[in-house]
Amino acid sequence: MFEPIILLQILWTGIATSAPFVLLTVGFSLTLKVTGLWNFAQSGQMAIAFYTMFFAMNGLGLPLFAAVGLGVVMTAGSAVLIEIYGLQVFRDRQSGNLMFFIFTLILSEFVIYVITLLFGTEPETLYKSILSPVDIIGGIAVSEWDKTGIGLTILALGALYGFMRYTKEGQFLAAVADNAKLAELYGISAQRAYRVVAVISALFIVAAMYLIGSHGGIVPNSPLELVLSAVIGTLLGGIGRVFAAAWASIFLALIQSFSILFIGSRWQNLLLYGFLFATILLFPRGVRMPRLRLALIGR
Amino acid sequence: MDYLITLAILIAIYVILGASYNLVIGYGGLSTVAHPIFFAIGAYTTGLLSVNVPELPAVVNVLLGMVTAVVASVLLAGSALRVSGDYLLIASLGFQLGLLQLIKNLDFTGGPGGLSAIPSTILGAARGPAFLAITGAAAVACVFIIRAIVNGPYGRAISAMRDEELAFTALGRNAMSMKIAIFAIGCGMAGGAGGIYAYYFQYISPDQFEVLASATILTMVVLGGMGTPFGPVVGAILLLAIPQAITFLQLPPAIMAPTQGIIFTVLVLVFLYLRPAGILGNKARAI
Amino acid sequence: MTEILRVEGLQKRFGGIVVSDNIHLTIGAGEILGLIGPNGAGKTSLFNLISGVLRPDAGSIFLNGQKIDGAPLYKRARMGIARTWQNMLLFRTMTVLDNMLVGPRDYAGESVTRLAFGRAGVRAAEAAMRARAMGILGRMGLESTASSMVVDLPFGQQKLIGLARTLMNDGPLLLLDEPMAGVEGAAYETMQRVVRQEAASGRAVCVVEHNVSFIRDLCSRAVFMANGKILQDGTVEDLIASATLTELYFGV
Ligand SMILES: Nc1ncnc2c1ncn2[C@@H]1O[C@H](COP(=O)(O)OP(=O)(O)OP(=O)(O)O)[C@@H](O)[C@H]1O
Ligand SMILES: [Mg+2]
Chain U
4 MFEPIILLQI LWTGIATSAP FVLLTVGFSL TLKVTGLWNF AQSGQMAIAF
54 YTMFFAMNGL GLPLFAAVGL GVVMTAGSAV LIEIYGLQVF RDRQSGNLMF
104 FIFTLILSEF VIYVITLLFG TEPETLYKSI LSPVDIIGGI AVSEWDKTGI
154 GLTILALGAL YGFMRYTKEG QFLAAVADNA KLAELYGISA QRAYRVVAVI
204 SALFIVAAMY LIGSHGGIVP NSPLELVLSA VIGTLLGGIG RVFAAAWASI
254 FLALIQSFSI LFIGSRWQNL LLYGFLFATI LLFPRGVRMP RLRLALIGR
Chain E
34 MDYLITLAIL IAIYVILGAS YNLVIGYGGL STVAHPIFFA IGAYTTGLLS
84 VNVPELPAVV NVLLGMVTAV VASVLLAGSA LRVSGDYLLI ASLGFQLGLL
134 QLIKNLDFTG GPGGLSAIPS TILGAARGPA FLAITGAAAV ACVFIIRAIV
184 NGPYGRAISA MRDEELAFTA LGRNAMSMKI AIFAIGCGMA GGAGGIYAYY
234 FQYISPDQFE VLASATILTM VVLGGMGTPF GPVVGAILLL AIPQAITFLQ
284 LPPAIMAPTQ GIIFTVLVLV FLYLRPAGIL GNKARAI
Chain H
14 MTEILRVEGL QKRFGGIVVS DNIHLTIGAG EILGLIGPNG AGKTSLFNLI
64 SGVLRPDAGS IFLNGQKIDG APLYKRARMG IARTWQNMLL FRTMTVLDNM
114 LVGPRDYAGE SVTRLAFGRA GVRAAEAAMR ARAMGILGRM GLESTASSMV
164 VDLPFGQQKL IGLARTLMND GPLLLLDEPM AGVEGAAYET MQRVVRQEAA
214 SGRAVCVVEH NVSFIRDLCS RAVFMANGKI LQDGTVEDLI ASATLTELYF
264 GV
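Chains as they are written, first to last, in this note's numbering: chain U, 4 to 302; chain E, 34 to 320; chain H, 14 to 265.
There could be a bad hint or two in this list.
To list a few chain H residues with every Cβ distance to chain E over 12 Å, as calculated [what the hints assert, rightly or not]:
no., residue
1, N61
2, D70
3, A90
4, A138
5, L166
6, M181
7, N182
In silico EDC-like links for lysine to aspartate or glutamate, alpha-carbon gap of 20 Å or less [stated by the list, open to error]:
no., chain 1, residue 1, chain 2, residue 2
8, H, K88, E, E243
9, H, K242, H, D230
10, E, K137, U, E228
11, H, K242, H, E21
12, E, K137, E, E243
13, U, K36, U, D138
So, partial list: chain U residues that the calculated Cβ filter (under 8 Å) puts toward chain E [unchecked claim]:
no., residue
14, F104
15, F106
16, Y116
17, I143
18, A144
19, V199
20, S232
21, L279
Rather than coming from a laboratory, the hints here were simulated on the basis of the structure.
Just so we're clear, the structure is a prediction, and the values are computed from it rather than from any experiment.
C-beta atoms are modelled at their ideal positions from N, C-alpha and C, and glycine is treated no differently.
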């Protein structure tokens, strides 16, 4: 049971499964960092992303690239609209945390009800078959989906890193994240930064929903659970630490995969929340990276 | 008729939830979203006791449900408020999600399928009206108890604490214990509502107490007018009754449920834009 | 003169800034001590340390000879340390009278259990507190404002109400942080008279104030602080006469 090859297989599958969650967590955490909002409207955007692609491929019969393009347009479009006609309105009114909480959550609920009306509550997938061709590499089963997922995630994170580090726009984001008022004094528009973040997280959401939707069934309600996993990764990584949040969601996925060796599969989700609980009570400011590494090695 | 009685009972239960939540966030200024989990704690405690310890009278079960909710709320507030007031928001969310997950995974709670076969306690044709009388009385009592709390000297202290916590503390008041007390009173009432709910519907499941329920209760409070004694009453009636107005259309369930949801959410969104202080609220207290 | 407050070797720093550097200080019953010094000298910080808003890094504080180092802010207030705030910190959504009624050190009405089981007692206590509050407002010529919202009053009156609310705490020590900042005209006389009356009733008073003539009129003794240190402790005349202090203070 503890043979190295099995452990390696679990490690690989765990990492691959974490890919879409990493993408969602990064989108959520980046938004939190720059706008200061726990943007639950992202679950509505997840639903829009998936069902747009689903309809484009299965309803209109469009090829993948067109479906993804349409998904990006719809998701980013809705994100920017929500930003301009929703969040900014409440910012101008100086509304409090709770207002944003209600607004973003109810908006997502609204989107989900509309989608339920249009598409029903049966689980849907992007492709007719969710089986993905498998290669055996060094004794480990590696599916096409695994490769796409990991490749896409590395690409997205690399692009984000480069963007934040080397472009003016990215540095503006960091400045606004640091202190929006101060940034405005230096002529950086916070509103513009918020819109840019809305688009970036929309891209991450589309990528993640493509991965999730080609791997298993989605119902209109699924995004509400997905956004919660992003919340947990964000908390565990530490608020404002986007890449740490990415590591945290990989870590969580691995813990869940490896737990199969020790406990029944139905307890896996509970483990996730166990970590959330412990983080909230013991490390209110987020688990720091070195500690996370130690925890990994300790396993 | 049964349908109307059930709706009225549901409204009364949500009046309790809304009013007690209003005490916590509207008057106490404590940001939490976890109110449904205390509703759940009351419901599950009462439900489990009634199923497993049938010799206990219903009233005792409901009271024990309240006590459990109070204990849990004191633990949560006691640890989270020590970090900071804002932290309570996140901690409460984590507490809610974690506990629900636990309920879903344990066997004796009935797991994700929920806890069923809760004894009906009151039998016969009078069951509905009797429950309505009990729940209605409890709701009225809650609203007026809260009003008494916030109108008297205690309420003066609460608003002073919310306005200027530092000055309040420097006048010799223990803000921390006051916050915990407010939180415990509000959560205990929610626990009591849970107990009544379990007895009337005889079935509870974890997904009734998810974040969506948080948003629903919060919305009732905001819509009615946060920090006003009767705001949550108006909010609960409005948000539960208006979506029901289309039931006469006899739509198939697959269309009915999401349509009601759309009516509910659109109503909320419109209010958030047009009247953020709520129906009975004054503009100065908009969140 | 009986000693009310004694501070021994108080030490506090924020990162690189030392706000209290080995502060020793005593104030006696009936005394009005002036505390002056430039902006950022550490005057408010000293009040924060004494009242318990801040914890010192080292040193001790004694009230009536009793060490109070471990007591939190609210307990020190109950022991009788009453203070005002530079920026008043009035309860904005409340009336003047309600602001006053949160002031007493101990008040039975603010307990849930008493609310449920001791209504008659609460009513009596409430009436007594109201009478006391109206008495204090009366001394300051503010009776007519009792039912106004504090935010609707002019700044000078708000300042007086900040003091009035603090006076509801009848403990032995009174700390006033810049009571005259932004106050003009009639309030000057009122403030002087009320502070004198409080001292005459046996309380120890310490006043932080940039308005030196206010301190000269009120205090016989004053201390000068800069950079967290007490540079001089003596009569107001001595302090004003000192060339070094004048330079430090006015930056000439
Ligand atoms: N909580 C704090 N954290 C960090 N620095 C602080 C804190 N409180 C005060 N300081 C710093 O300590 C120094 C002393 O501040 P303090 O308010 O005690 O001065 P003050 O003598 O009352 O000045 P003023 O006359 O302007 O009121 C200032 O430089 C201030 O910035
Ligand atoms: Mg000062």
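Index of numbered hints that the structure contradicts, given in increasing order: Hint check: 1, 3, 4, 6, 7, 8, 9, 13, 17, 18, 19 and 20 fail, others pass.
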